[in-house]
Amino acid sequence: MNGLESFGQDPWWLVGLKALAIFVILVLLTLFSIWYERKVVAWMQVRPGPNRNGPFGLLQSLADGLKLAFKEDLVPKAADKIVFLLAPMISTVCAFTAFAVIPFGPVVSVFGVETPLQLTDLPVAVLLVLATSALGVYGIVLGGWSSGSTYSLLGSLRAAAQVISYEIAMGLSIVAVFLTAGSLSTSQIVAAQQGGQEVTLFGTSFTIPGWYALLLLPSFIVFAISVVGETNRAPFDLPEAESELVGGFHTEYSSLKFALFFLAEYINMVTVSAMATTLFLGGWQAPFPASWWPGANEGWWPVLWFFLKVLILLFGFVWLRGTLPRFRYDQFMRLGWKVLVPANLLWIVVLAAVRAGTQQPEWSAQWVGMIGGAFLLVLLVIWFWPGRKKYEQATEPDTGLGGFPVPPLDLQVPPSPRVKRLTAEREPVSVSAGDDATAEGKEG
Amino acid sequence: MNLLADALASGTVTTGEAVTFWILAPIALGGAIGMVLARSAVHSALLLACTMLSLGVLYMLQSGPFIGFVQIIVYTGAIMMLFLFVIMLVGRDSRDSLLETLRGQRLAAIGLGIGMALLLCTGLARGIGSVTAVGLDEANANGNVQGIAADLFTKYVFAFEVTSALLITAAVGAMLLAHVERRKGDRPGQKELSRLRFRKGNYPGPKAGPGVFATSDSVATPALLPDGTESERSISPVVPVRELTPAEAAPKGTDGGKRK
Numbered sequence: 001m002n003g004l005e006s007f008g009q010d011p012w013w014l015v016g017l018k019a020l021a022i023f024v025i026l027v028l029l030t031l032f033s034i035w036y037e038r039k040v041v042a043w044m045q046v047r048p049g050p051n052r053n054g055p056f057g058l059l060q061s062l063a064d065g066l067k068l069a070f071k072e073d074l075v076p077k078a079a080d081k082i083v084f085l086l087a088p089m090i091s092t093v094c095a096f097t098a099f100a101v102i103p104f105g106p107v108v109s110v111f112g113v114e115t116p117l118q119l120t121d122l123p124v125a126v127l128l129v130l131a132t133s134a135l136g137v138y139g140i141v142l143g144g145w146s147s148g149s150t151y152s153l154l155g156s157l158r159a160a161a162q163v164i165s166y167e168i169a170m171g172l173s174i175v176a177v178f179l180t181a182g183s184l185s186t187s188q189i190v191a192a193q194q195g196g197q198e199v200t201l202f203g204t205s206f207t208i209p210g211w212y213a214l215l216l217l218p219s220f221i222v223f224a225i226s227v228v229g230e231t232n233r234a235p236f237d238l239p240e241a242e243s244e245l246v247g248g249f250h251t252e253y254s255s256l257k258f259a260l261f262f263l264a265e266y267i268n269m270v271t272v273s274a275m276a277t278t279l280f281l282g283g284w285q286a287p288f289p290a291s292w293w294p295g296a297n298e299g300w301w302p303v304l305w306f307f308l309k310v311l312i313l314l315f316g317f318v319w320l321r322g323t324l325p326r327f328r329y330d331q332f333m334r335l336g337w338k339v340l341v342p343a344n345l346l347w348i349v350v351l352a353a354v355r356a357g358t359q360q361p362e363w364s365a366q367w368v369g370m371i372g373g374a375f376l377l378v379l380l381v382i383w384f385w386p387g388r389k390k391y392e393q394a395t396e397p398d399t400g401l402g403g404f405p406v407p408p409l410d411l412q413v414p415p416s417p418r419v420k421r422l423t424a425e426r427e428p429v430s431v432s433a434g435d436d437a438t439a440e441g442k443e444g
Numbered sequence: 001m002n003l004l005a006d007a008l009a010s011g012t013v014t015t016g017e018a019v020t021f022w023i024l025a026p027i028a029l030g031g032a033i034g035m036v037l038a039r040s041a042v043h044s045a046l047l048l049a050c051t052m053l054s055l056g057v058l059y060m061l062q063s064g065p066f067i068g069f070v071q072i073i074v075y076t077g078a079i080m081m082l083f084l085f086v087i088m089l090v091g092r093d094s095r096d097s098l099l100e101t102l103r104g105q106r107l108a109a110i111g112l113g114i115g116m117a118l119l120l121c122t123g124l125a126r127g128i129g130s131v132t133a134v135g136l137d138e139a140n141a142n143g144n145v146q147g148i149a150a151d152l153f154t155k156y157v158f159a160f161e162v163t164s165a166l167l168i169t170a171a172v173g174a175m176l177l178a179h180v181e182r183r184k185g186d187r188p189g190q191k192e193l194s195r196l197r198f199r200k201g202n203y204p205g206p207k208a209g210p211g212v213f214a215t216s217d218s219v220a221t222p223a224l225l226p227d228g229t230e231s232e233r234s235i236s237p238v239v240p241v242r243e244l245t246p247a248e249a250a251p252k253g254t255d256g257g258k259r260k
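Keeping their order, the protein sequence lines are chains A and B. So the first sequence is numbered by the numbering used here: it starts at 1 and just counts up by one. So the second sequence is numbered by the numbering used here: it starts at 1 and just counts up by one.
Worth double-checking, as some hints may not be accurate.
[Claimed, not checked] Derived BS3-like pairs: lysine-lysine, alpha-carbon spacing no greater than 30 Å straight-line:
#1 A/81 to A/39
#2 A/67 to A/81
#3 B/191 to A/389
#4 A/81 to A/71
#5 A/67 to A/77
#6 B/184 to B/200
#7 A/390 to B/191
#8 A/390 to A/338
#9 A/39 to A/67
#10 A/389 to B/184
#11 A/338 to A/389
#12 A/390 to B/184
#13 B/184 to A/338
[Stated by the list, open to error] A few chain A positions that, by computed beta-carbon distances, are all more than 12 Å from chain B:
#14 129
#15 171
#16 299
#17 315
#18 324
#19 341
#20 390
[What the hints assert, rightly or not] Under 7 Å between C-beta atoms, here's a sample of chain A residues computed to sit facing chain B:
#21 122
#22 124
#23 127
#24 130
#25 131
#26 134
#27 160
Because the hints were derived from the structure by calculation, they are not lab data. Backbone N, C-alpha and C fix where the C-beta goes; we use that ideal spot for every residue, glycine too.
Build the full structure now, drawing on both the sequences and the hints.
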């Protein structure tokens with residue numbers, strides 16, 4: 001295959017080692033990100049957060065996890081036993097599998113073997129992540145269904161509808177990356193973002209930055225919004241809306257099975273952050289120009305940049321949770337289907353037109369591409385320009401007789417005769433004092 | 001099977017491929033048989049998804065990674081999920097009726113199924129046995145995705161366009177049939193509902209809850225009005241009114257079994 005020669009050459013022990021490393025990293029990262037989330041939310045709400053176990057409370061999530069494992073494992077009487085057991089396993093396995101194609105760094109030497117810091121890569125690696133997230137929904141849906149509880153079923157129905165609709169928006173936002181990078185393999189998408197791109201337009205040439213977050217900003221925005229919906233995180237946490245559905249699909253789960261769902265949710269969060277890093281933020285490449293420190297993109301340093309970017313994106317997740325209230329279901333669906341999907345489709349057409357235009361050798365063809373792209377962009381802006389409904393005067397006035405049984409708006413309450421007498425007897429010291437007396441008299 | 005045996009004999013099938021095949025093929029077959037035999041509709045759907053997943057991996061094994069992942073994403077991820085969605089809405093406990101309405105249909109179905117399988121097997125065996133696989137390297141020369149894209153957008157572009165037009169027509173038609181356009185005045189608004197509620201002869205307050213002022217907290221026990229008569233409005237019309245026996249009305253021992 002083209003460009004993937006360095007994969008599939010590893011000895012068996014190295015493959016095992018990489019798989020084990022990914023497992024350990026993901027479990028540790030889950031423990032860490034639970035602590036991180038609680039600490040960041042606490043910081044936003046001006047309170048200390050977990051600070052008892054270990055330095056800075058770092059061992060809090062470990063303690064919670066151990067406690068969870070020793071809890072009684074309940075299986076509801078109405079549950080479908082096999083599916084009830086299967087659901088959290090599906091969720092967790094899918095969450096772990098997706099990380100197999102995430103590149104952590106360039107080719108390094110491990111015990112004398114030159115190998116890329118990535119378990120494996122395929123010509124269609126990004127599709128693997130989409131496939132695992134599509135299968136991960138089964139865990140949620142089956143978990144909710146097999147519990148035999150109304151809240152769980154409602155939660156899982158919401159989850160299914162939500163994940164399927166937002167997967168479309170997510171898949172479409174990645175299409176722009178495929179178009180620009182010319183590949184579906186994660187390592188090559190990272191390589192395609194290396195350095196700036198020289199673009200010649202109308203005779204002048206300039207360098208545009210390589211990160212797709214800058215180059216394909218609309219795609220990045222849609223991707224960022226849709227992955228929040230995809231991972232069921234606030235403000236799109238409708239499947240487990242605790243104020244409406246108790247716990248959503250995992251209401252009936254306890255002990256280790258619940259822990260597996262929890263693990264899967266946090267791993268999914270890490271996975272989509274890693275995907276956003278890989279597809280849009282330059283992957284493991286250093287977040288500054290290569291001329292600044294030439295050795296930054298070699299050896300084991302890229303792992304640091306990669307995890308820094310992932311942690312910043314995780315902070316974004318927590319920030320959203322700390323800031324935004326939950327969406328209503330119809331608003332959420334409208335956003336997905338009526339805004340994200342059509343905007344994305346239009347953007348892909350614009351991008352294709354611009355690319356076709358810039359790749360033409362002749363001037364006239366460039367112009368056609370440019371003007372077509374600009375026209376589509378204007379269309380897009382007009383289409384999605386936020387409008388506000390004008391206030392319509394009610395055709396029939398609410399007099400309180402034929403309409404609602406409410407008092408009229410211009411109601412004047414006559415002062416009670418007792419207050420009148422009181423104010424007449426007392427000489428007011430000042431105007432405000434007199435007003436106070438009136439108010440007190442009314443209340444009394 | 002013949003092709004596989006040939007390939008095994010000539011050594012073109014790697015060990016990994018053979019191992020994966022012998023693991024996945026029984027799973028796919030078992031899933032397909034289980035799907036027919038399973039009593040619960042959700043179990044059937046799950047077993048079918050399992051079969052589709054195995055097929056997807058088998059495609060990847062045959063140097064078609066793109067079609068394999070698309071199989072998983074589209075069939076297992078989207079279409080089976082929609083199936084499951086509908087089945088779940090039907091309800092957890094609804095199982096197929098085991099009464100046979102057509103006499104002997106089961107036997108006929110088994111016979112026809114076996115006949116179909118035999119026909120397919122012999123046809124495939126005859127077809128594959130004399131065919132040697134060629135052209136895989138040429139098809140994947142520029143990469144698997146690029147090869148599919150080239151075919152899709154040159155040779156088969158009209159076929160796909162026609163199919164998509166057909167599908168869109170069907171989708172729009174289904175939507176048109178299912179969609180009911182309501183004008184603004186068709187549905188009673190808050191004002192109309194409020195007027196209805198306060199009209200003469202209607203009691204505007206909430207209905208008495210079941211079990212209020214009653215001797216038992218069962219939903220079947222009607223509420224008692226202040227004058228001691230039973231309020232018919234307090235119980236659902238589908239719940240029959242009945243007197244509870246003393247044993248039923250007794251506390252159910254929720255206080256830790258202290259009561260005898």
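- In ascending order, which of the hints set out earlier in this document are inconsistent with the structure? Violated hints (numbers, rising): 1, 14, 15; every other hint is consistent with the structure.
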